[in-house]
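Enquirer: Sequence:
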Amino acid sequence: MPSRRRAHDDNELPRRDDVDRVTRDAGRSTRHPAADEPARLEVAAFRPGFLTSARFVAPALLVVGMLVLIPFLGTPVGRSQLERLGFGGLLGGWFVLVAAACVAAILAIAILRWVSSGTRRYARRDVLRLAAGDAVAAGAAAAFVSFLVSGGIEDVTRVLTVTFVICALFTWAMLVPLYRRGWDGVAADRGIQV
1 MPSRRRAHDD
11 NELPRRDDVD
21 RVTRDAGRST
31 RHPAADEPAR
41 LEVAAFRPGF
51 LTSARFVAPA
61 LLVVGMLVLI
71 PFLGTPVGRS
81 QLERLGFGGL
91 LGGWFVLVAA
101 ACVAAILAIA
111 ILRWVSSGTR
121 RYARRDVLRL
131 AAGDAVAAGA
141 AAAFVSFLVS
151 GGIEDVTRVL
161 TVTFVICALF
171 TWAMLVPLYR
181 RGWDGVAADR
191 GIQV
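Residue numbers (UniProt numbering): 1 to 194.
Simulated from the structure, these hints should not be mistaken for lab results.
We put the beta carbon where it would ideally sit given N, CA and C, even for glycine.
Treat the hints loosely; a few may be bogus.
What the hints assert, rightly or not - Label-pair restraints from in silico Cβ distances:
1. PHE144 / THR23: 28 to 36 Å
2. PHE147 / LEU91: 19 to 27 Å
3. VAL64 / GLY89: 51 to 59 Å
4. TRP114 / ILE153: 54 to 62 Å
5. GLY92 / LEU169: 50 to 58 Å
6. ASP189 / GLU154: 50 to 58 Å
7. PHE147 / ALA110: 14 to 22 Å
8. PHE144 / ALA60: 17 to 25 Å
9. THR52 / GLY93: 29 to 37 Å
10. ASP189 / SER116: 18 to 26 Å
11. GLY151 / GLY118: 34 to 42 Å
Could you put together the complete structure from these sequences and hints?
Expert: Here is the structure:
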């Protein structure tokens, strides 16, 4: 192989070929990467199915969303709406708001599943990030829909914040065990030590 030394190169400096070889070899590890790095699985192999996710997330969001009505009734806005609409009207409107936010959260998870190819590989510790991504998307979708549904409410910022935080936290809490169970099951099937 011809040398890459040029006429204007300083002869006291190392040859370019030698520098290339040293830097290329420095990037190589002397240890076996599989021995030191955690096992990684394709996300499509261990991610819970959409229906499984919806079966866990939807009831949790509906129950928690309806329970938030109790402290809402203690606020001045809640008391004024209770007087104006009555308990049945307020309960019905609240249920519509919670159901719409829940449907939006589930649809956000479905869209994420549809968009993702599932070929990227993740270690077991990464399931927290994956579930957090799904939860943030679900929370954002629920907050957007709650904004649309509750157009006449006085404190929209509070509605958006509470909807996003509650939806994201409880979606994450429901998805983490599903992701972990899926990862552990696939790892056991493939004979991977956790």
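Enquirer: Starting from the range 14 to 22 Å, see whether the pair PHE147 and ALA110 falls in it by beta-carbon distance.
Expert: holds, 20 Å
Enquirer: Per the hint of 28 to 36 Å, is the separation of the Cβ atoms of PHE144 and THR23 within bounds?
Expert: Cβ of PHE144 to Cβ of THR23: about 50 Å, so the range 28 to 36 Å is violated.
Enquirer: Note whether the CB distance of THR52 and GLY93 lies within 29 to 37 Å or breaks it.
Expert: Once the Cβ atoms are compared, 31 Å apart, the range 29 to 37 Å for GLY93 and THR52 holds.
Enquirer: Tell me if the beta carbons of GLY151 and GLY118 are separated by a distance inside 34 to 42 Å.
Expert: holds, 37 Å
Enquirer: Can you tell me whether the CB distance of ASP189 to SER116 sits inside 18 to 26 Å?
Expert: holds, 22 Å
Enquirer: Assuming the hint says 51 to 59 Å, is it satisfied by the Cβ distance from VAL64 to GLY89 or not?
Expert: violated, 22 Å
Enquirer: With respect to the beta-carbon atoms only, verify the hint that PHE144 and ALA60 lie 17 to 25 Å apart.
Expert: holds, 20 Å
Enquirer: Is it true that the C-beta distance of GLY92 to LEU169 lies inside 50 to 58 Å, as the hint says?
Expert: Cβ of GLY92 to Cβ of LEU169: about 26 Å, so the range 50 to 58 Å is violated.
Enquirer: Do TRP114 and ILE153 keep their Cβ atoms within the hinted range of 54 to 62 Å?
Expert: Between TRP114 and ILE153, where Cβ atoms are some 32 Å apart, the hint is violated.
Enquirer: Mind checking the hinted window 50 to 58 Å against the Cβ distance between ASP189 and GLU154?
Expert: About 54 Å separates the Cβ atoms of ASP189 and GLU154, which means 50 to 58 Å holds.
Enquirer: Indicate whether the distance between the beta carbons of PHE147 and LEU91 respects the range 19 to 27 Å.
Expert: holds, 21 Å
Going down the numbered hints, you'll see the structure goes against 1, 3, 4, 5, while the others check out.
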